[in-house]
Amino acid sequence: MSLNFSFSGLNKSKVDTSILYDFVAIGGGPAGYNAALYAKRKGLKTLVIAKKPGGQLLNTSSVDNYLGFVELSGEALSEHFIEHIQSIDVKEVNDQAIESIQKINEIFELTMENGDVLKTKTVLVATGSNPRKLGVKGEDTFANAGVAYCAICDAPLFKGKDVIIAGGGNSAVEAAIDVAKIAKQVTLVHRSQFRADQVLIDKMMAQSNITIHLESQILEIYGDVKMRGIKALNKKTNEEFSVEADGIFIEIGNIPNSGLVKDLVELNANQEVLVNRKQETSLPGLYAAGDVTDTPYKQIIVATAEGAKAALAANEYINTH
Amino acid sequence: MEKLLNKEVQDQLREVFNELKENVTMVLFTSEKDCESCEATQGLLTEVAELSDKLSVKQHDLNSEEAKQYDITLAPSFVLLNAKGEYQGVKFNGIPAGHEINSFISALIEMSGAESEIPAELLERIQKIDKPVNIKVFVTLSCPHCPGAVQKAHKIAMLNKNVVGEMIEAQTFYDLSTKFNVSGVPKIIINDSLELVGNQPIERFLEQIESL
Ligand SMILES: Cc1cc2nc3c(=O)[nH]c(=O)nc-3n(C[C@H](O)[C@H](O)[C@H](O)COP(=O)(O)OP(=O)(O)OC[C@H]3O[C@@H](n4cnc5c(N)ncnc54)[C@H](O)[C@@H]3O)c2cc1C
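Residue numbers (this note's numbering), protein chains in the order written: chain A, 1 to 321; chain B, 1 to 212.
If we strip away everything but chain B, and leave its shape as in the complex, we get:
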């Protein structure tokens, strides 16, 4: 199969991956049937993993035990595990290509333990979240404003074990997008009930979460 990432992007990524601190595992879930982008997603993850020896990929079926463990219901989906093999609520549904390569790469870097800046006041508010929170961020691959929203959802997830942040590629998961009335991206859905539109600051995410 022809490479998905051209030489230029590969070189860029190789350089960025110098920032990886510890190992990160990508656990991918695919399905034999009705999965248009499974093969491409598998290809992308494999190509990305080849660019750093800190990165690796595991693959399971959508109907596996592992899928249940990470609450996976769609294919392709993948989660990131930190160096200790722990899941911190960082999930991608659909291929993170186009602009979403940006949220994918920064999730890898942050999951590896590289420091990310966040004001102390916000950190405190994030750490106070004490109930299960699911943040869905619907995106399209041509949306330049979407990775910002996905990165925030993932950041909150990484900082609090009660939170799961997931990117959902709206075209691939058309039925789910229709269910949540997605007609503009990024669209952020919290616990399947509250919604935010557009790339909002972390404060707005927190206001919604705190209102739950």
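So here's chain A without its partners, still in its complex pose:
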């Protein structure tokens, strides 16, 4: 049990709803924070609203592909981001979600969970994404009776147990590596070939308690009061097999949090917000960046860069309107 104290300060966000903001970033992830940094430095009246400050970084045990940091935890990186924006006095509203957006006479009105309404000339949607579900029998039945979506939160609960990881991308392989340190046996099941970085795959292969099934489709999660295992299909041999396990971490990618703007802007078939090279959406003055967009690579450095572009584009828009 690691005691590692991570105190994040008291949260007292009082927001001034009487002023007209220039730029409001919705989202406290890499995209929202970097956008706030750029906007504030351009002299814009800037606000960042985060339902969960830190975003997906909080669920990431280690980041080793953000230039300038050889390796650090996702949480530590998010603390650096927040310190940076606080050093230039960006206003933050934390633990509050925006529930709706309206554009009235060139001004955006953002309604918060608590009913307060913010007014702004431009807005950035940087609401990121949430874990995708497998969509198989048993997934909902055993949700929280074995089925889990946050490896760093829940791995400690599987000490000495058998655990399955569903997925073959970076987050699945990272989860396998992390969980294998605690669990007795880890089985990774993925429906096609690995999509993860080779360095991660190599690191995983070095662990002795990980078994891998590629080209295997999970058909069902079974159990009684809690999950007991999965049934899967080996697509090469067309044979069904079972794996007994106490838990399964589902790490099969994400779905964009675009619900907030689904009636305002164009989305693609995957519900991602369509943006151009300036992060403009189909609605002038409304920008999107990071995982919520149709950007092909969902990465921290990509999200931060897009946040920067969105803020610069918003500044241009304000100057010419």
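Treat the hints with caution; some may be incorrect.
Unchecked claim - Counterexamples of contact, computed for chain A against chain B with all Cβ distances above 12 Å:
no., residue
1, Leu67
2, Ile212
3, Tyr222
4, Phe241
5, Asp246
6, Pro296
What the hints assert, rightly or not - As a list, the in silico BS3-like pairs of lysine-lysine whose alpha-carbon atoms are at most 27 Å apart:
no., chain 1, residue 1, chain 2, residue 2
7, A, Lys226, B, Lys179
8, A, Lys137, B, Lys179
9, A, Lys184, B, Lys179
10, A, Lys159, B, Lys33
11, B, Lys179, A, Lys159
12, A, Lys181, B, Lys58
Please keep in mind that the hints were generated in silico from the structure rather than gathered at the bench.
Source: prediction; values computed, not measured.
We treat Cβ as the ideally placed atom computed from N, Cα and C, and that holds for glycine.
With chain A held as given, fit chain B with the ligand onto it using these hints.
Only chain B with the ligand this time, still in chain A's reference frame:
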């Protein structure tokens, strides 16, 4: 013993403790045997108390009269008492380290009488609770979403004397976690029967409580 809190965290806490209004007492229960984290918890509470003269610690054995008074059955556990020495249902089972330092510190601040914001409509619903309610929130120390759930349980407890809110560190109290089938945190159990998963808004807590 080496300090648990490094200089940086100490400085942060000292500053935050400027917000303490009245005195708060932490009453810790430990056990001589089978208690891996008793010593660390005692160390943590002592170190935290040293950072403000409004904070103090008392310590008793798990088998003491005092333990019965606060319905303590696990060690380490501790409760917070307000300036009048009253128990308002704020309990921690296991060490609030890692991310849980956040729910620990905000409980201290709120227990000291510092104002906390809560919409009038919710406050009214909380005050209407008229039967005994126990809210258990199972957490792990590495879970960033857990302190939010613990803080809500404690807030409801502080606002209504019928309610007890307790944090339970799932790894330390493995048997209890198994009993309640905890395989994902935060997991919230109300009166040992209803459950909620994840850091839910206060409204969801209230819906469950009102359905009792
Ligand atoms: C387990 C895991 C490991 C990963 N590892 C890496 C890695 O090693 N390297 C890497 O580059 N990438 C990694 N990623 C991907 C990376 O985390 C994401 O690409 C990145 O976080 C996207 O940033 P974002 O700002 O678009 O969104 P997010 O980080 O998802 O942040 C979205 C923010 O918006 C907030 N929000 C959502 N809706 C609302 C609303 N209505 N109102 C207010 N706020 C709202 C959320 O609370 C959150 O603060 C990993 C992801 C996961 C899940």
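Now for the hints, and whether the structure bears them out:
1. Leu67: Check passes; 24 Å lies beyond 12 Å.
2. Ile212: holds, 23 Å
3. Tyr222: About 15 Å separates Tyr222 of chain A from the closest Cβ of chain B, which puts it past 12 Å; holds.
4. Phe241: holds, 23 Å
5. Asp246: violated, 8 Å
6. Pro296: Nearest chain B Cβ is 28 Å from Pro296 of chain A, so the label holds.
7. A:Lys226 to B:Lys179: holds, 12 Å
8. A:Lys137 to B:Lys179: holds, 25 Å
9. A:Lys184 to B:Lys179: holds, 21 Å
10. A:Lys159 to B:Lys33: holds, 23 Å
11. B:Lys179 to A:Lys159: holds, 16 Å
12. A:Lys181 to B:Lys58: Not OK: Lys181 of chain A and Lys58 of chain B at ~38 Å, beyond 27 Å, violated.
Of the numbered hints given earlier, the model fails hints 5 and 12; all others are met.
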